[in-house]
Amino acid sequence: MHADLVKHEGGRLVLPASVHPLPNLLDLDAEGVLDSFRRSQQADFLEVVADVERADSPLHALFAGLRDRVGPDNPFYNVALFRQGGLSELFLDLHDHVMSHPVWRHPFFVRVFEGKIDPAQIGRFSVQYFNQIKNTRQCVALAIGRFNGLMDLPFGPLNERISEIAQIGLAQLVADEYGVGSHSLEDYPTLGHLLCARTHIGMYRQLFEGLKIAPDDQDVPMLPGVADNVLIQRLVAGHLAFTALESLASVGLGMEWGVPEFFSLLLGGLIRVAVRDMLPLTARDLEVFIAHVRYDVLHAVSVMLVTSLLMQDDTDLAAVKNACNTLMAGRFAMMTDVYAHVFGEKCAGLAEIGLERRYHLTDRRIEAALAEARRTVAPGRVLGAEYAEGRGTPFVFAR
Numbered sequence: 001m002h003a004d005l006v007k008h009e010g011g012r013l014v015l016p017a018s019v020h021p022l023p024n025l026l027d028l029d030a031e032g033v034l035d036s037f038r039r040s041q042q043a044d045f046l047e048v049v050a051d052v053e054r055a056d057s058p059l060h061a062l063f064a065g066l067r068d069r070v071g072p073d074n075p076f077y078n079v080a081l082f083r084q085g086g087l088s089e090l091f092l093d094l095h096d097h098v099m100s101h102p103v104w105r106h107p108f109f110v111r112v113f114e115g116k117i118d119p120a121q122i123g124r125f126s127v128q129y130f131n132q133i134k135n136t137r138q139c140v141a142l143a144i145g146r147f148n149g150l151m152d153l154p155f156g157p158l159n160e161r162i163s164e165i166a167q168i169g170l171a172q173l174v175a176d177e178y179g180v181g182s183h184s185l186e187d188y189p190t191l192g193h194l195l196c197a198r199t200h201i202g203m204y205r206q207l208f209e210g211l212k213i214a215p216d217d218q219d220v221p222m223l224p225g226v227a228d229n230v231l232i233q234r235l236v237a238g239h240l241a242f243t244a245l246e247s248l249a250s251v252g253l254g255m256e257w258g259v260p261e262f263f264s265l266l267l268g269g270l271i272r273v274a275v276r277d278m279l280p281l282t283a284r285d286l287e288v289f290i291a292h293v294r295y296d297v298l299h300a301v302s303v304m305l306v307t308s309l310l311m312q313d314d315t316d317l318a319a320v321k322n323a324c325n326t327l328m329a330g331r332f333a334m335m336t337d338v339y340a341h342v343f344g345e346k347c348a349g350l351a352e353i354g355l356e357r358r359y360h361l362t363d364r365r366i367e368a369a370l371a372e373a374r375r376t377v378a379p380g381r382v383l384g385a386e387y388a389e390g391r392g393t394p395f396v397f398a399r
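The sequence shown runs 1 to 399 under my numbering.
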């Protein structure tokens, strides 16, 4: 049992490379997992930076060719990738900002990773988190729609091309989420194959099969915190109160960078429980967690590179950080609600844990937008009759 998930070596549980890049995942604590992903993501991105800066690379040729079409007074000359070390400095600053947020150490993730959860609680978690999984990819699609020939960009004759590059980077994320990637007419799928594509939602339903959760029990009304997080992600990605740059930051940096780390915590915890309680889970059952550990590293790097094209100065940097803070606050509140639902115990909210000032939101646009969006939710889709009115927000605002 569990032969494709874990190996027993000298009294230790070791994960094969097909399951996780860290064979010693179950020997680490949650901080160790976070530190490992911080270092690996930094290495991955700095490798891309080196490629961009190499004169004979396709990426260098692409961006240098754009720059050479305009004069030095064009703002495209100021993007970080044309300053020696500028792109790596920008990445390291933003990566530290995102990965140091307490959401990636949320008590829910830590408790699950330590195996302090039982099969019934796993079932309660899985159906509620499915509500998040089902809606995330639509936010990327909303972000793509922000980039078009009518948008206001400062690059003059390069505007359309830079918009197109942003669309391409985001479109690959959507294709991966929906499982419909195609690069030529020869490998274009038939309609039957297309509509039966293996999406991330389909992968998640494999978890339900392993947990023996019947189809009629898989789609349930959302917890208020889950609903808020879905709306927050949609609003920052698509609402005109937020800029295209903020939209990119929300679906890239704020959404993707932490996923491999906390999915590793969830994966490790589920494997511990499967071994301990003899649950017949297989690698196929847990594929949605295994796949996200790998894919989302590539997603994070690609969207960061595109985001850097739109960043001109410290004002843009602050806007990106604020957008990430907004997304991470929503995710923290969601997991706090999930914790209470799964374990029947209260969990401290973001405002109760001494949140660092750099994570306080610098404006209140999201407050009004979220209140308005709550009122559009269809009846019965969220648990609790008073979701639309009288509920506070999950944010900590700067004073």
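Rather than coming from a laboratory, the hints here were simulated on the basis of the structure.
Be careful, since some hints might not be right.
Below, computed lysine-lysine pairings styled on BS3-like, alpha-carbon distance capped at 27 Å [what the hints assert, rightly or not]:
1) 116 with 212
2) 116 with 7
3) 116 with 346
4) 321 with 212
5) 212 with 7
6) 7 with 134
7) 346 with 134
Label-pair restraints from in silico Cβ distances [what the hints assert, rightly or not]:
8) 399 with 96: 33 to 39 Å
9) 59 with 35: 35 to 41 Å
10) 17 with 398: 42 to 48 Å
11) 218 with 150: 47 to 53 Å
12) 392 with 59: 28 to 34 Å
For every residue, glycine included, the Cβ atom is placed at its ideal position computed from N, Cα and C.
Enumerated hints in conflict with the structure, sorted upward: Those not satisfied are hints 4, 6, 8, 9, 11 and 12.
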